[in-house]
Amino acid sequence: MAKADEIRELMRTEGAAVAENTRAFNDGRYESVADLEDYEALKSEARAIKEDAIERLPELIDELEVAVEENGGTVYIADDAADANAYVREVVADRDADRVVKSKSMTSEEIEVNEALESDGVDVVETDLGEWVLQVADEAPSHIVAPAIHKSREAIADLFNERFDPDEPLETAEELTYFAREKLGEQIVDAEVGLTGANFLTADTGTMALVTSEGNARKTVAATDTQITVAGVEKVVPSVEELAPFVELIGRSGTGQDITSYVSLLTPPVETPVVDFDDDETPLSAFDADRDFHLVLIDNGRLAMREDDQLRETLYCIRCSACSNSCANFQHVGGHAFGGETYSGGIATGWEAGIEGLDTAAEFNDLCTGCTRCVNACPVEIDIPWINTVVRDRINREGERPAEWLVDGLTPDAEDEGAPLQKRFFGNFETVAKLGSATAPLSNWLAGTGPSRWLMSRALGIDRRRALPEFERETLVDWFADRDSTVETPERRAVLYPDLYTNHVQVERGKAAVEALEALGVEVVVPEVPSSGRAPLSQGMVATATDHAERVTEALAPYVADGYDVVVVEPSDLAMFTREYDRLVAEDTFETLAENSYEVLEYVYGLLENGADADALASSDGAGVAYHSHCQQRTLGLEAHTVAVLEDRGFDVVTSDVECCGMAGSFGYKRDYYELSMDVGGRLRDQFEADGVRDRPVVASGTSCLEQIDALLERQPRHPVELLVE
Amino acid sequence: MSGATFSSFERSLGELDVPATRIKREEFTNQVEEAVEPPAVGVPLGETFDEPALSLDGTPVTVDPTPVALREATTGVTGARLGIGDYGTLALSLTDRASELVSLFVEHHVAVVRERDLVDEMRTGIETLGEEFAETRGSAILATGPSATADMGALVKGAHGPRTVEVLVLTEDD
Ligand code: SF4
Numbered sequence: 001m002a003k004a005d006e007i008r009e010l011m012r013t014e015g016a017a018v019a020e021n022t023r024a025f026n027d028g029r030y031e032s033v034a035d036l037e038d039y040e041a042l043k044s045e046a047r048a049i050k051e052d053a054i055e056r057l058p059e060l061i062d063e064l065e066v067a068v069e070e071n072g073g074t075v076y077i078a079d080d081a082a083d084a085n086a087y088v089r090e091v092v093a094d095r096d097a098d099r100v101v102k103s104k105s106m107t108s109e110e111i112e113v114n115e116a117l118e119s120d121g122v123d124v125v126e127t128d129l130g131e132w133v134l135q136v137a138d139e140a141p142s143h144i145v146a147p148a149i150h151k152s153r154e155a156i157a158d159l160f161n162e163r164f165d166p167d168e169p170l171e172t173a174e175e176l177t178y179f180a181r182e183k184l185g186e187q188i189v190d191a192e193v194g195l196t197g198a199n200f201l202t203a204d205t206g207t208m209a210l211v212t213s214e215g216n217a218r219k220t221v222a223a224t225d226t227q228i229t230v231a232g233v234e235k236v237v238p239s240v241e242e243l244a245p246f247v248e249l250i251g252r253s254g255t256g257q258d259i260t261s262y263v264s265l266l267t268p269p270v271e272t273p274v275v276d277f278d279d280d281e282t283p284l285s286a287f288d289a290d291r292d293f294h295l296v297l298i299d300n301g302r303l304a305m306r307e308d309d310q311l312r313e314t315l316y317c318i319r320c321s322a323c324s325n326s327c328a329n330f331q332h333v334g335g336h337a338f339g340g341e342t343y344s345g346g347i348a349t350g351w352e353a354g355i356e357g358l359d360t361a362a363e364f365n366d367l368c369t370g371c372t373r374c375v376n377a378c379p380v381e382i383d384i385p386w387i388n389t390v391v392r393d394r395i396n397r398e399g400e401r402p403a404e405w406l407v408d409g410l411t412p413d414a415e416d417e418g419a420p421l422q423k424r425f426f427g428n429f430e431t432v433a434k435l436g437s438a439t440a441p442l443s444n445w446l447a448g449t450g451p452s453r454w455l456m457s458r459a460l461g462i463d464r465r466r467a468l469p470e471f472e473r474e475t476l477v478d479w480f481a482d483r484d485s486t487v488e489t490p491e492r493r494a495v496l497y498p499d500l501y502t503n504h505v506q507v508e509r510g511k512a513a514v515e516a517l518e519a520l521g522v523e524v525v526v527p528e529v530p531s532s533g534r535a536p537l538s539q540g541m542v543a544t545a546t547d548h549a550e551r552v553t554e555a556l557a558p559y560v561a562d563g564y565d566v567v568v569v570e571p572s573d574l575a576m577f578t579r580e581y582d583r584l585v586a587e588d589t590f591e592t593l594a595e596n597s598y599e600v601l602e603y604v605y606g607l608l609e610n611g612a613d614a615d616a617l618a619s620s621d622g623a624g625v626a627y628h629s630h631c632q633q634r635t636l637g638l639e640a641h642t643v644a645v646l647e648d649r650g651f652d653v654v655t656s657d658v659e660c661c662g663m664a665g666s667f668g669y670k671r672d673y674y675e676l677s678m679d680v681g682g683r684l685r686d687q688f689e690a691d692g693v694r695d696r697p698v699v700a701s702g703t704s705c706l707e708q709i710d711a712l713l714e715r716q717p718r719h720p721v722e723l724l725v726e
Numbered sequence: 001m002s003g004a005t006f007s008s009f010e011r012s013l014g015e016l017d018v019p020a021t022r023i024k025r026e027e028f029t030n031q032v033e034e035a036v037e038p039p040a041v042g043v044p045l046g047e048t049f050d051e052p053a054l055s056l057d058g059t060p061v062t063v064d065p066t067p068v069a070l071r072e073a074t075t076g077v078t079g080a081r082l083g084i085g086d087y088g089t090l091a092l093s094l095t096d097r098a099s100e101l102v103s104l105f106v107e108h109h110v111a112v113v114r115e116r117d118l119v120d121e122m123r124t125g126i127e128t129l130g131e132e133f134a135e136t137r138g139s140a141i142l143a144t145g146p147s148a149t150a151d152m153g154a155l156v157k158g159a160h161g162p163r164t165v166e167v168l169v170l171t172e173d174d
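Just so you know, the protein sequences line up as chains P and D, in that order. Using this note's numbering, read the first sequence as starting at 1 and increasing by one per residue. Using this note's numbering, read the second sequence as starting at 1 and increasing by one per residue.
Mixed in with the good hints there might be a few duds.
To be verified - Heads up, simulated SDA-like pairs for lysine to any residue below, C-alpha to C-alpha not over 25 angstroms straight-line: (1) LYS183(P) - LEU155(D); (2) LYS3(P) - LEU421(P); (3) LYS183(P) - PRO38(D); (4) LYS157(D) - ASP35(P).
Honestly, the hints are just simulated from the structure, not real lab data.
For reference, chain D alone in the conformation it holds in the complex (with noise of 0.2 angstroms):
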């Protein structure tokens, strides 16, 4: 995808104070790990991207943790399926290595999704879940920005899910 493209979802994911960085590969381990505010938990990455290099080995966060790690951590990272230029939103998938819940019961949610995955539109995204789902009948989130009420009497980030979102963009040319 084009620079074009993640320009558009930086811009996106800044009205929304969602920071985005583009990473190199071998920039990973140390991105991740200034990224996430411990005590961090995430999905096995590697095996999300089919990708050994995307390994969280060697990071604090810990890897498929148990439910109670999982609720005492502050930071969830995960990867995302897409990310879409024009909203900034992310498409969470839901899998069987309980990316829901990694990226839904912490505070910060850490979001990994390669540059190749983004796309400029929200059509686009939703067309692209559209064909995949008529395969595998999945499952994702649309998620864009933190989790947020107004029923309280003003807007609050940080309901039910995470009150601050990180995004980390992993580019091709390596």
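Just chain P, same shape as in the assembly (with noise of 0.2 angstroms):
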């Protein structure tokens, strides 16, 4: 199925519930964190926690081991699936096992254990209600926590009354529980093998940390004597001290609960006697603790992750599922469309191309927009959507140099060849742009013309629904060269940053920028700067984007040293500026221009904060605004400075909560993803629809949203810092 009809077919099947899942995981994670004093803190801790146990793998593992022996287990490490699964197998032969019962595991999924087993004749049973849902509607998972999200209520029951015919048909969410939890719990009793995974192992003891909330994985291990435990040898932590950041953080981060009804705390094998459940004679402490347990740590592709300069934060993941519910695609597709062969969701990518390959990775690669939403939310501080970056790079070259990235790391070339069509059309635009502007009006009149959009949906992927950016004529720059500066003596001075959309297409809002700054005293300059990079970023154009920063720190160096801040209206410019360049040029050159860079009204901001005359700035007496900011802005803690200065001003400012408008710079405009577009975009026009909100003029601070918004509403927005100067 090609990929629109694919995402077109799970938004109208699966579309529903998964939104209204994960977008209540999304609040409840807001509500919960909100709660913690020290969560930023606590983030930071955890994230230590993982990079030194990452770091010190092969020393923590040995460590395990000793304590599991010492405990009377054992540990088999396993090269890759095929291994672990040899191994399982052998466990629950010498068992002699006719059932092997399983908690919720990840893991298992990925070496496909139960397929495995089952071609021995062994019944296996999942026992998790969402995992048992699936295997009894024979579908795959999707969403790492809630693994049948994409599930109404209506289809389980559906599911149920069809396959089980019930003498009652069921209905209700208790009804399907408690039908559930009866039968399992038949087989549970009658299992001989317990398999689960773990979230977490501690070297020190040889303990493991299980986060559930049904009761399912202890009963798994409780009612069998055998316990079989897979889990990734990235689980390891040193010491049982160690869990207490990830107790407090994985289930607020991941479903929005403070903490979920059971984190097992077990040092296998466990104390608790082995009985015979239909016995009716013997008290259960007479019965003995006469229990195996084998640790099965399965490599399958990750300590060269861990190798991996790149990759090698993927294996910090503690898969919560943050990074899946704060994702405005996901919440659109879930995890059938975004996600590989087990894992979804945003932190998918890094994992599936380090377990499967990065053709697996390439699948759904696309659907990360790199809107940033997932960083503040992710409890290890994960930069997610570099992680996705740097994967559509190698994928980009994968024609170049195969298979060797994985080992290699990032080696940015000077050229980007390998990139598609596509994506080398909209990692260049800033060529489209001044060829664009040079030639403007027939450059627009060309290209929207019937046959151009023939030709850039054929070649490009250009949807040919989308409206194309409108070039000026003049650009901010020409405009800027042609006027003298209006301040005398300056309080301060700044370059405005001609991004590529306020110099080229939105030149309106970077006159208005120029005239707010201007009335409140500061000199501003806008010289010629290339463009951020952003661009090419954002199609996986690592050494493009590179060159891109070393040009813009050389230009905006000299002013910098000579006392200018950097203003930039873009907000996903100003994020190159303060958060992507880290990992393109040098630290220093990189410290310097972040310090010295502001969004717009963040710049507005602080300078009435320290005296600037606001009355020289436009007023209003309570006119209403709807303001949608702007992803990465929000990122970047930048939008409540937006809402201040125009609240400030005398505006009634109501904003939207929606993760993202959609569009996220080129994603929108392309074929496959139009339509996914559109429907994310379909909540922000909700909101600005609403009673209350539906006459309000719009204004929004990103060029993409501004474009976005233009499309879904009769209002045509504007930026801000517009309405500060009329």
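Reassemble the complex: the two chains are provided individually, in unrelated frames, and hints are given to aid placement.
Right, dumping it as structure tokens:
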């Protein structure tokens, strides 16, 4: 199926259930982490523990092995899935087991142990209710924590009623749960082997932490005499004490629960007696705890990821699902589109690239638009968008130099020749924009004609339904060159960075920014500076982006050295200067620019705080506006400044609370993703067409958002700075 | 432990709809009787806490039941190693007296915890367990409220484990 068709079909069949559930998790996360006094510190602590553990992994694995063996268990280190399965099959065969009950484990899905055991005639039963629903339905998980998130209650009821034909048809969530509990309960007490995953393993005592709510993992261990635990090698942390930050963060980050019902801290083999559940004579404590424990630690690509400077961070992932739930695209399609063989959501790109290979990651990697809304949500501070970018870069280059990326790491070439045509077109948008302005209005007229749209659709995959940006003949730089500064004794001096769009397309917002800054006593210059590299970076063209970053920092450095501040209108470019350049240029070069760069309304806010005369700006007496900030701007914590300035000037501001407008740079232009982009945008449209908001003029900070809102609403949006100079 | 710890523990449990009652040792037998819904089973509590006064003799609770009696029981009574104030969490040790089975294979779990075993914070609780595990290589469940699932389209309390939990906190003032 073509990508656009596949996405359309998933949005139709699963979109509503996925959206409802992921948003509930995401809202819950915001609420739950807000209760933590030291949320940021806790994340940093968790991050540091993981960094240290992965750094010392071989040593910790040895320590863990010793501890488990002292406890009476066995450790098997499996190179890959086949190796792990062979061992598990052997243990199950030695126990002569007819049934294996399982608690939820992604790693066991990764190695497909169910199929391996079933081929030996063993009855494998998933006891997590969501996993069991999928086992009955013969479907794949769509979410790493709540695997059946794509199924509504009605769909589950239909499934059970059809499959099990109960006396009374099942209907409510409660009826479905109790029915499943009964069915599974009987099977659990009859099973010989319990197979679990592990969220964490502590090297000091051989203790495993299992984070669950249903109690099925507890039963899986308690009711069987042979426990097999399969876990990736990356799950090891040094000690029990170091579980504390994870216990506090994992539920909050994922499903928005402060803590899940059960965090089992098991040091197997456990002391619980192994009982015969049909025995009516022997007291519980008279049974022996005659138990076997096998820990199967799985490499399957992880140790190579550990050697890879770019993918290593993936191993810090605790699989909380925050990066799925906070992702606007994921909220609309779920893990069946936004996922690989086993893992789904933003971080899946790292997991699948490391475990399965680039081909698998390539199938869904483009769904990460780099909006960064997951970045602050990740409890171990993984730069998930960066991992997506790196993998995209490797996919682009795969034709050139296959398969060696995992060990080579990323070594940017001078050119990004490997990227497909569409990516190169969007990645080199600077050239297009320059040409567009130079030949406007002809370029705009030509671009809009039938034959060119047909060609763009065919050759570049640009959706014909999407309006194209219209280039201004006079760029912001040209306009500025022809005027004199109006500030005589400047308070401060600033470079207004002429980002690609402000310079060529949305020139009005650039003019308004210059005027607002000058009104507040800032001497402004608008020099010719290369584009930031955001466009190529978002296409995974890291080498080209690096080249931009080097040229931009070079062009701006003399100004910064001279005491100029750098003011940026386009939030995605500010995010380049203050976030992404850290990866692309030398550290001190990055720091100098990052420290001196400001989003335009953040800068205005700072000027006003420092005593600039607010009355030099336009004001209102309570006019309503609807404001949509920008995803990356919000990640940088800069939405509040715009709201504060507008309120200070007397506007009545309503803000959107969607994670992303759906446009995300070039994403919404692409034929494969246009409909998804509009579907994501639909939520923003609903918020801005609600009662009390419907008639408000709309302002938005980002270029993409402005274009998307333009497509979604009748009202033509503007940049908030334009309200300050009327 | 201070009364402040109890009140934070009680508040956290309240948010989970778990009743917590602070009781004296002489009230123990009566309070257990009130908390359980028969048929009830339990672990030998006097031994768990090494305090004969906490024996379940004289209550309707069948101590150390057979597996079949366990499966037919509505209520299970066990001790808890710790109570954790900020989350309303109980640390349930896994023992050879099958407390894991008694707290899990029932509809209603009644947990008895000594007030001196209450700690304010999760971190302290985990540190305490970590120190103990280093010695004993033991196991414990951090249990917070009843078992639950959202997998069937809405939040349901009572998945594989108990649907309801109740906590008795034994004061030290006798
Ligand atoms: S990458 Fe971070 S946010 Fe995503 S699942 Fe892993 S730990 Fe959670």
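Problem - Pairwise hint evaluation, PRO38(D) against LYS183(P), where the allowed Cα distance is 25 angstroms at most - result: holds, 24 angstroms
Next item on the list: Measure nothing beyond the straight line between the CA atoms of LYS3(P) and LEU421(P); if it is 25 angstroms or shorter, mark the hint as holding.
Entry: Between LYS3(P) and LEU421(P) the Cα gap is close to 17 angstroms, so the pair holds against 25 angstroms.
>> Would the hint linking LYS157(D) and ASP35(P) be met if the CA-CA limit is 25 angstroms?
In response: holds, 23 angstroms
- prompt: Is it true that the CA of LYS183(P) sits at most 25 angstroms from the CA of LEU155(D)?
  reply: holds, 19 angstroms
In terms of the numbered hints stated before, the structure departs from none.
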